[in-house]
Structure formats: C-alpha cells, structure tokens
Amino acid sequence: MKKTLPLTITFLAGFYMILAFFVPHKIIAASAQEMQSWEIIIVAFTLVLGIGNLIQVHADKIHRQKSGWYYSLVLLICLVSMMVIGLFWGISEGTVYYWLYDNVMAPLSAAMFSLLAFFIASAAYRAFRARNKEATLLLVAATIIMIGRIPLGNVIWHHLPWLGAKFPNALEGLTQWIMDIPNAAGQRGIKIGAALGAVSMALRMLLGIERSYLTTGGGN
Amino acid sequence: MRLRITILTLLALSAGLSFSEAVSAYDPPPPNLMVENLKADDVPNDAGGELLVTWDLPADPGLGSQVSVLRLMRAETPEGPFSQIIEMAPKISEYSDQGLANGKKYFYRIDAVTDAGLYASRISEPAVPRASWFNSQRVSLVVALALFTGLVLFFIWRARRGATLFVRKITGLSAVDEAIGRATEMGRPILYLPSGGLSAVSDIQTLASLVILGRVAEKAAEYETPLLVPCSDPLVMTLAQEIVKASYMNAGRPDAYRAENIRYLTNEQFAYTAGVDGIMIREKPAANFMIGTFYAESLILAETGYATGAIQIAGTAMITQLPFFVAACDYTLIGEEIYAASAYLSKEPVLMGTIKAQDWGKAIAIGLIILGVILETLALKYPQLHFFASRWLASQ
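Protein chains in written order, with our numbering: chain A, 52 to 271; chain B, 411 to 806.
Just so you know, not all the hints are guaranteed correct.
[What the hints assert, rightly or not] DSS-like mimics (lysine-lysine), calculated; alpha carbons at most 27 Å apart, straight line: (1) A:Lys242 to B:Lys772; (2) B:Lys694 to A:Lys117; (3) B:Lys501 to B:Lys449; (4) A:Lys54 to B:Lys655; (5) A:Lys184 to B:Lys579; (6) B:Lys772 to B:Lys757; (7) A:Lys54 to B:Lys757; (8) A:Lys53 to B:Lys757; (9) B:Lys514 to A:Lys77; (10) B:Lys515 to A:Lys77; (11) B:Lys655 to B:Lys514; (12) A:Lys117 to B:Lys655; (13) B:Lys757 to A:Lys242; (14) B:Lys655 to A:Lys53; (15) B:Lys655 to A:Lys112; (16) A:Lys77 to B:Lys449; (17) B:Lys514 to B:Lys449; (18) A:Lys242 to B:Lys579; (19) A:Lys112 to B:Lys694; (20) B:Lys515 to B:Lys449.
These aren't lab readings, by the way, just hints derived from the structure by calculation.
Turn these sequences into a full structure, and let the hints steer you where they fit.
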C-alpha cells in the first residue's frame with residue numbers, strides 16, 4: 052500500500068493532465084485548472100517547511116557555537132525582522148518592508164548577478180585556449196561572434212585596410228550565419244533529444260518503472 | 411450635368427412627386443460607411459463560450475476616416491434587442507466575444523458612429539459557441555506520443571525477455587564514482603545541487619536530478635563521505651531528505667544520515683547563489699554536482715566551484731546554460747543525458763529499455779526532418795507537397 056497508493060495517484064494525476072492537454076472541453080479543462088491551483092496552494096504551504104528547516108539548522112548552529120555562528124544569528128534576526136515588519140505594517144509600496152526589499156535585497160541580488168561578467172571572462176579565458184581541434188574551433192567561432200555582435204567590432208572591421216572595403220558586410224553575415232546555421236542546428240538537436248528524454252522520464256514515472264523519487268530505493 | 415439633373419427633376423415632378431422629393435431623389439448617394447461581411451464563428455479547439463466576430467471595414471477609404479468609433483452589438487434573436495458589448499477604434503476588424511453560453515444562438519451587428527449619425531451593418535448569420543472534445547491541432551502530437559509510448563513499452567517487453575541492450579558510454583555519469591572517490595580520499599564533503607535558484611519540484615529536470623541524487627547518496631553512504639544538499643524549494647528539500655535517507659538505509663548506513671545536511675536556503679535566485687557559494691568557500695567540498703534546471707546562476711556557481719578546486723559534474727537541458735557548464739566544469743551531462751542517468755547508473759534492464767526507445771525516437775525525428783527537407787524542396791516544383799511539409803509536419 053505504501054508503494055501502490057503513491058504510484059496510483061501519480062499515474063492518475065499524470066494521465067489526467069495529459070488528457071487535459073488534448074481535450075479542451077470545459078469538463079476536463081476546468082478540473083485540470085483546479086488541480087493546478089491545488090498545486091500552487093500546496094507549494095505555498097511547503098514554505099512553512101522550508102522556514103522551519105532554516106530556523107532549525109541555524110538555531111542549532113548558534114546553540115552549538117559552530118564556526119561562523121554569528122552569520123546564522125544575523126540570518127535569523129533578518130528573517131524575523133522582515134516577517135514582523137511585513138505582517139504588521141504590510142508589504143505594499145511605501146511600507147518599510149518595501150523599502151528594505153528595494154534598497155537591501157534588490158541591490159544585493161544585482162551585485163551577485165553582476166559577478167557574472169567577471170566569471171564569463173575567467174571561464175572564457177580557460178575555454179578558449181586552443182588546446183585541441185575542438186577548442187580551436189570554439190575559439191575561432193567565439194571570436195567572430197564576439198567581434199561581430201558589438202558595434203565597436205563592426206567599426207574596426209569597416210576600417211580594416213583591404214577587407215573592410217572589399218567585403219563591408221562579411222563580418223555581420225558570417226556572425227549571422229554561425230548563429231543561424233551551425234548554432235541553431237546544434238541547439239535544436241539538443242532540444243529534440245532533451246524533449247524525448249523528458250517524455251521518456253515522465254512515462255517511466257507514470258508507469259511506475261522509475262520509483263527512486265518515491266524513496267523506495269531504486270528502479271523497477 | 412446641371413442640365414441632366416434639371417431634366418430628371420422635371421421627369422420626377424411629372425411623375426407626381428413634390429419638388430423637394432424630386433430634388434432629393436437625385437442627390438448623390440450617401441457615403442458607404444457601413445461595416446460589411448460581418449461574420450461570427452465558433453473558435454475551434456477551445457473550451458467553448460467564445461465566438462470570433464470578424465468584419466470588413468467601411469469600403470470607401472476616404473470616407474471611412476469619418477468613423478469615430480465602432481460599436482459591436484449582440485442579440486439572441488435577429489430582431490433584438492441588441493446590447494452593446496464593446497466600443498472599438500475604427501481600424502479594428504475582429505473581436506473575440508467570450509463568456510457566452512455553449513449551444514445558444516447569437517446574432518451580431520456593428521454600428522459605425524460618425525458625426526452625421528450611426529451606420530448600422532447587416533445583422534450577422536447566427537453563430538453558436540461549442541466546446542471541443544479534442545484539440546485537432548494536436549493530432550500529430552497524439553500520434554508522436556502514441557508511437558513513442560509504443561516504443562517504450564516494446565523495449566521494456568524486450569528487456570524483460572532478457573534482450574541485451576547496448577547504451578553508449580556517458581562520460582559524465584561514469585565519472586560519478588570517480589568524483590565521490592576523490593572526495594572520500596580528500597576527506598571533504600560532496601555538494602549536490604538538485605536545481606538552481608528558480609526551479610521547483612514540478613520541473614522534470616529536478617525530478618531527474620533527484621533520481622541521480624539517490625545514486626550519489628548511496629555511494630556517499632558506502633564511502634562514509636558527508637553529502638551536502640542545499641535546496642531552493644522546500645518541496646525539493648523534503649523529497650531530497652527522503653531520498654537521501656532511503657539511500658543511506660539501502661547502503662546499510664542509516665546512522666550516517668544527517669538531516670541537517672539537506673537544507674533549505676531560499677527561493678530567491680541570487681540569494682540562493684550567494685548561499686551555495688558560501689558553502690563552497692567555507693566547507694570546501696571536493697566534488698560538486700550541479701544537475702537540474704539552472705538559469706543565470708549556473709556560471710557563478712560553477713566558477714566558484716572551480717576556484718575551490720573541486721571536481722565538478724554538471725548537467726542540464728537548459729540550452730543557454732550548457733556552454734557555461736561546459737566551460738567551467740570537468741564533466742557536463744548534455745540535455746537528454748540527465749534523463750538517461752538512472753538507467754545508466756542502475757543498469758536495470760527495464761530502465762535501459764526506455765533509453766533504447768529514446769534512441770529510436772531520435773532516429774524517427776531525424777527521419778522526419780529529412781523527409782520535411784525533401785518535401786519542402788520538392789514543393790518548389792509541386793506546391794501540393796508544401797501542405798504536408800509545413801502544415802502537417804511542422805505546424806501541428
């Protein structure tokens with residue numbers, strides 16, 4: 052029963068959602084929509100689990116005075132403060148919560164995101180080293196795309212002594228060709244494979260062949 | 411011209427009309443400001459309750475600009491009463507009327523409003539909204555799904571009968587044991603990210619990742635290596651806790667399981683990234699697994715992991731993030747490989763059967779692409795072939 056019930060629920064729910072994809076009639080579509088609303092409600096409730104886990108882990112860290120426990124203290128103080136401020140003074144525009152989100156949370160996220168520029172440079176430096184045939188191909192293609200996609204690259208190309216005058220649109224054309232033909236073909240290949248893999252995975256789960264996610268310890 | 415009008419007016423007077431009637435009968439015709447070809451049709455392949463009303467704008471382009479607004483009127487009988495549904499700009503030529511009762515007849519009329527007054531169109535033919543029981547635009551998907559399900563079932567049947575199914579070597583998955591072994595030798599933990607900062611448990615990539623987590627956890631339990639699993643979704647955390655716990659029990663090491671190692675961080679994308687980066691820097695895991703749906707955080711995580719000197723195995727079906735993982739990680743599972751992992755790692759014949767079906771599915775997709783290219787090329791000479799290639803093979 053412990054295995055059969057979840058598998059039955061998975062099969063029925065999955066099959067019903069597949070049915071709803073093909074049958075637009077209100078009888079099916081409305082109930083499928085209702086099921087999706089349930090999912091949103093259940094997911095919202097699970098946030099309590101997450102917060103509970105967060106408090107448990109960090110309270111334990113503070114209690115045992117593990118290394119860096121003061122960071123956990125800061126985290127818990129911030130968590131409780133934001134909750135209290137949000138619950139008692141609201142979260143709409145003009146409130147303290149809103150101000151804190153806009154002036155603390157958003158800039159911190161933006162700062163984290165901005166690190167990407169530096170990481171792209173360091174990753175590109177390693178990836179573009181011409182160690183073998185493939186890496187050389189990557190280097191050449193990436194160099195063309197990078198130069199072709201920035202306005203400065205085009206300006207430089209147009210000022211090249213012979214190439215720029217003889218083939219003024221060559222760089223733009225080559226960049227576009229790489230993006231539209233080899234790049235698009237590669238991407239589509241991956242997409243088709245991934246889509247088939249996803250369908251295969253979903254079928255394995257619906258048919259109860261893949262059960263690892265039900266924590267019964269392995270397939271079949 | 412004036413002489414002609416005078417003669418016609420005299421003729422009208424002789425026919426017994428008053429003078430004013432006789433003059434107005436020969437005035438130039440009024441401008442054509444009426445909306446024409448008003449039609450209402452049921453919207454196909456929908457849940458019903460919707461009609462698409464279309465019309466042609468006033469024929470005379472010069473005079474048409476005199477229309478200030480169009481009023482769409484609806485009634486349940488041709489005699490009325492008509493009630494206004496919406497007022498639209500004069501250039502609009504269709505409207506989707508929603509919230510109607512299925513099976514009921516509706517009639518439409520459009521009033522073109524000008525400074526001189528209203529110009530009402532003819533009343534449309536009756537239209538009846540209906541709910542569809544099947545979305546006919548998805549016929550090819552039904553065929554593809556049925557075909558693929560058939561292939562999966564066929565190969566499962568073959569596997570159960572003992573057929574040997576060959577699956578090519580997937581380097582990234584073969585390296586799983588190597589990565590865990592390295593962490594064990596170095597006496598440092600393993601870090602497993604079942605998804606990035608934005609994905610949820612309903613994402614199929616996250617589920618595929620959780621399946622791989624089970625295998626990694628079993629090995630980690632065998633080697634007694636700590637396993638850290640920071641999650642961005644509480645439901646993923648709960649599932650991950652259960653999966654890891656079951657794996658530790660399968661490995662005969664339930665005592666080594668630490669629930670606090672599978673923890674929730676946050677569902678804010680970059681806060682999660684910062685949290686994981688912090689774990690990488692502080693705990694210095696020797697092996698990092700990043701498998702699932704990742705967005706902009708992928709490279710930040712992978713580069714931080716690289717900086718800490720960890721062996722890194724990543725996997726995603728997100729096209730835009732794959733190059734980042736390829737550049738920064740030691741091994742990358744590309745697209746479908748993450749879905750093949752559970753079968754590949756367990757070597758279960760039944761699971762291997764589904765991988766074989768996947769390969770056949772790809773072969774069919776390649777065949778259809780080639781067929782489409784041939785048909786589209788031939789359609790330059792035989793246009794009827796264009797229907798099959800672009801309408802049936804591509805559009806649906």
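Now for the hints, and whether the structure bears them out:
1. A:Lys242 to B:Lys772: Holds: Lys242 of chain A and Lys772 of chain B sit about 11 Å apart, inside 27 Å.
2. B:Lys694 to A:Lys117: Holds, at roughly 16 Å.
3. B:Lys501 to B:Lys449: The given pair, whose Cα atoms are some 17 Å apart, holds under the 27 Å limit.
4. A:Lys54 to B:Lys655: Satisfied, since the Cα-Cα distance of roughly 16 Å is no more than 27 Å.
5. A:Lys184 to B:Lys579: It holds: about 22 Å lies between the C-alpha atoms, which stays within 27 Å.
6. B:Lys772 to B:Lys757: Between Lys772 of chain B and Lys757 of chain B the Cα gap is close to 21 Å, so the pair holds against 27 Å.
7. A:Lys54 to B:Lys757: Within the cut-off at roughly 22 Å; holds.
8. A:Lys53 to B:Lys757: Holds - the C-alpha atoms of Lys757 of chain B and Lys53 of chain A are around 25 Å apart, at most 27 Å.
9. B:Lys514 to A:Lys77: Status holds; Cα separation ~16 Å.
10. B:Lys515 to A:Lys77: Holds, at about 19 Å.
11. B:Lys655 to B:Lys514: Violated, at roughly 58 Å.
12. A:Lys117 to B:Lys655: With Cα atoms ~24 Å apart, Lys117 of chain A and Lys655 of chain B stay inside 27 Å; holds.
13. B:Lys757 to A:Lys242: 25 Å, holds
14. B:Lys655 to A:Lys53: Cα-Cα ~16 Å, so holds.
15. B:Lys655 to A:Lys112: Judged against 27 Å, a Cα distance of about 22 Å means the pair holds.
16. A:Lys77 to B:Lys449: 25 Å, holds
17. B:Lys514 to B:Lys449: Judged against 27 Å, a Cα distance of about 16 Å means the pair holds.
18. A:Lys242 to B:Lys579: 20 Å, holds
19. A:Lys112 to B:Lys694: 18 Å, holds
20. B:Lys515 to B:Lys449: 13 Å, holds
In summary, the one numbered hint that this structure violates is 11.
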